[in-house]
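Q: Could you build all of it, start to finish, from the sequences and the hints given here?
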Amino acid sequence: MRRRPPSHTSPKRSVMGWQSATDKVPRIIFISSSGNSTPMFTRPYPPLSFCFTGLGWLVLSSILGLAILVGLVRGTPLPSWVRMLHVHAVLVGGVAQIILGGFLLLISPSSSGNRKDADSHPISFWAMNSGLVGMLMGFWLHQDNIVAVAGLVVMAACCSVIYTLWNRARRIWTSSLSQAWYYALALLGLVGGSACGEVLAFGLMPESAGYVRLAHIHLVVLGFVVLAIMGMMHHILPTIWSRPFVSSTLAQAAIVLMPLGVAVLIGGFLNSSVPVEMVAGAMLFTGGILWIGNLLGTWRASTHTGSAASDHLLVSTFFLLFTIILGVLVGANSLSNPPRLPYGTLHLVAYTHMTFVGFIVNAIMGACSYFIPIALAADRVPNTKKRAPYRDQLNTIMNRWSTLQIAALSLGTMGLGLLAALTWNVPLTSIYIHIATWTSLGLLMTGLVLFSVKLTSVVAKKPDTLRTAQTSTDELKLTA
Numbered sequence: 038m039r040r041r042p043p044s045h046t047s048p049k050r051s052v053m054g055w056q057s058a059t060d061k062v063p064r065i066i067f068i069s070s071s072g073n074s075t076p077m078f079t080r081p082y083p084p085l086s087f088c089f090t091g092l093g094w095l096v097l098s099s100i101l102g103l104a105i106l107v108g109l110v111r112g113t114p115l116p117s118w119v120r121m122l123h124v125h126a127v128l129v130g131g132v133a134q135i136i137l138g139g140f141l142l143l144i145s146p147s148s149s150g151n152r153k154d155a156d157s158h159p160i161s162f163w164a165m166n167s168g169l170v171g172m173l174m175g176f177w178l179h180q181d182n183i184v185a186v187a188g189l190v191v192m193a194a195c196c197s198v199i200y201t202l203w204n205r206a207r208r209i210w211t212s213s214l215s216q217a218w219y220y221a222l223a224l225l226g227l228v229g230g231s232a233c234g235e236v237l238a239f240g241l242m243p244e245s246a247g248y249v250r251l252a253h254i255h256l257v258v259l260g261f262v263v264l265a266i267m268g269m270m271h272h273i274l275p276t277i278w279s280r281p282f283v284s285s286t287l288a289q290a291a292i293v294l295m296p297l298g299v300a301v302l303i304g305g306f307l308n309s310s311v312p313v314e315m316v317a318g319a320m321l322f323t324g325g326i327l328w329i330g331n332l333l334g335t336w337r338a339s340t341h342t343g344s345a346a347s348d349h350l351l352v353s354t355f356f357l358l359f360t361i362i363l364g365v366l367v368g369a370n371s372l373s374n375p376p377r378l379p380y381g382t383l384h385l386v387a388y389t390h391m392t393f394v395g396f397i398v399n400a401i402m403g404a405c406s407y408f409i410p411i412a413l414a415a416d417r418v419p420n421t422k423k424r425a426p427y428r429d430q431l432n433t434i435m436n437r438w439s440t441l442q443i444a445a446l447s448l449g450t451m452g453l454g455l456l457a458a459l460t461w462n463v464p465l466t467s468i469y470i471h472i473a474t475w476t477s478l479g480l481l482m483t484g485l486v487l488f489s490v491k492l493t494s495v496v497a498k499k500p501d502t503l504r505t506a507q508t509s510t511d512e513l514k515l516t517a
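Each number in the working numbering corresponds to the 1-based position in the sequence shown with 37 added.
One or more of the hints may lead you astray.
[Stated by the list, open to error] So the derived label-pair ranges between C-beta atoms look like this:
| hint | residue 1 | residue 2 | range |
| --- | --- | --- | --- |
| 1 | K422 | S117 | 55 to 61 Å |
| 2 | P312 | S117 | 29 to 35 Å |
| 3 | L448 | P312 | 33 to 39 Å |
| 4 | W475 | P116 | 22 to 28 Å |
| 5 | S309 | G240 | 18 to 24 Å |
| 6 | L307 | A369 | 15 to 21 Å |
| 7 | S371 | Q430 | 50 to 56 Å |
| 8 | T466 | A232 | 43 to 49 Å |
| 9 | I160 | Y248 | 32 to 38 Å |
None of these hints come from the bench; they were simulated from the model.
Think of the CB as a built atom: it goes at the ideal place given N, C-alpha and C, for glycine as much as any other residue.
A: Following this line, the structure appears as structure tokens:
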């Protein structure tokens with residue numbers, strides 16, 4: 038048999054310098070449910086393990102968030118440590134874990150060597166999730182030392198994944214480092230925000246705890262999550278639409294303005310300077326307008342008919358711009374003393390969840406709708422010629438009820454804003470408040486349940502070849 042000569046052609050590159058996920062997808066290995074017991078750390082833990090576990094944390098923390106909101110509306114708020122459980126389960130267990138898993142999928146390992154070993158991360162996976170459980174236990178027990186030590190474990194796991202990502206990315210960016218700084222800033226935001234959290238937990242700077250807390254929150258949310266999602270969208274959407282951005286200049290300007298605006302905004306928070314925050318808001322708004330304008334132009338010029346992935350991602354960009362506008366209005370409201378409109382806890386919850394649900398959750402659902410069918414098809418159907426029909430079946434499942442799913446999630450998010458606005462005119466005991474509360478919660482849960490059902494169906498859907506082979510194996514066992 039003749040051996041195929043090695044190929045020396047360079048991989049295709051996207052706008053951001055990454056090769057397309059459709060060109061080269063790492064083989065995904067799932068934990069076997071057979072009777073053979075395998076040591077925990079010798080089992081393969083691929084990038085999808087991070088994504089699926091992160092989605093599980095999102096669902097659990099969402100249920101806790103519903104209880105917190107109901108308590109606020111009824112005038113019986115839950116203890117502050119419950120809110121800490123909700124926030125850290127969402128950001129650490131859910132969002133950060135999904136983003137890191139998505140980057141591991143997006144930047145595949147080298148084709149040389151054993152791909153299974155190269156793309157399995159058992160220690161990082163268990164350190165991140167067990168460390169998070171330890172943090173939550175520490176919040177529950179009011180033991181800051183437990184939170185601090187467990188946080189160090191989570192931080193070490195994140196740094197391990199970041200180190201792996203950076204080593205993989207260096208071979209791709211060997212010829213061009215034009216975008217490396219952007220992702221370096223995003224990953225440094227995660228490390229810096231985590232370090233600020235450790236300072237808080239260990240009580241190292243009690244006199245500046247308020248400023249450290251602001252840095253902790255905004256470095257993680259703005260410096261890492263927002264920038265990382267925008268970078269991922271910058272790669273995914275042109276691939277989905279099968280065409281590059283209509284204007285690389287607009288794309289580059291937005292990529293520069295957004296992290297610069299985030300840096301100025303964090304500086305304004307740390308200095309308690311509302312004018313600086315307003316300037317940062319103007320920079321973010323300008324970058325957002327350029328970003329959305331370029332996306333819409335590319336979308337209109339493409340022949341793509343729409344999908345759950347692209348629709349979720351497009352809707353998330355509008356929520357990002359809307360949140361920026363709301364942030365500028367909140368800053369303008371605080372310029373007068375007292376503020377023109379009262380701004381309490383419920384208003385803060387509504388404003389922040391415009392970002393968390395409207396932007397982040399929509400973007401995560403869109404990215405998962407794109408990545409998961411590709412990754413599952415690459416794992417379950419090794420033959421590339423036979424892979425496309427199975428991938429199309431998975432995409433069909435993910436695209437079911439997408440309009441209802443996106444509408445429910447978006448209207449539920451806007452309903453939180455309406456709920457907060459109603460408190461300016463009616464008391465919390467009003468029937469309108471209760472109607473708005475339960476309607477918003479019902480819509481949010483509808484979108485979340487629809488996505489969970491589709492995700493479960495995709496995981497359970499096996500290609501016909503696997504199903505036939507499994508049936509034959511079962512028949513042989515019965516005959517024996």
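Q: Each hint should be assessed against the structure and marked as holding or not.
A: Hint by hint, here is what the structure shows:
1. K422 to S117: 55 to 61 Å: At 57 Å between Cβs, range holds.
2. P312 to S117: 29 to 35 Å: The hint (29 to 35 Å, Cβ to Cβ) holds, given that P312 and S117 are roughly 31 Å apart.
3. L448 to P312: 33 to 39 Å: holds (35 Å)
4. W475 to P116: 22 to 28 Å: holds (23 Å)
5. S309 to G240: 18 to 24 Å: holds (22 Å)
6. L307 to A369: 15 to 21 Å: holds (20 Å)
7. S371 to Q430: 50 to 56 Å: holds (52 Å)
8. T466 to A232: 43 to 49 Å: Since T466 and A232 have Cβ atoms about 44 Å apart, the given range 43 to 49 Å holds.
9. I160 to Y248: 32 to 38 Å: Holds, at about 34 Å.
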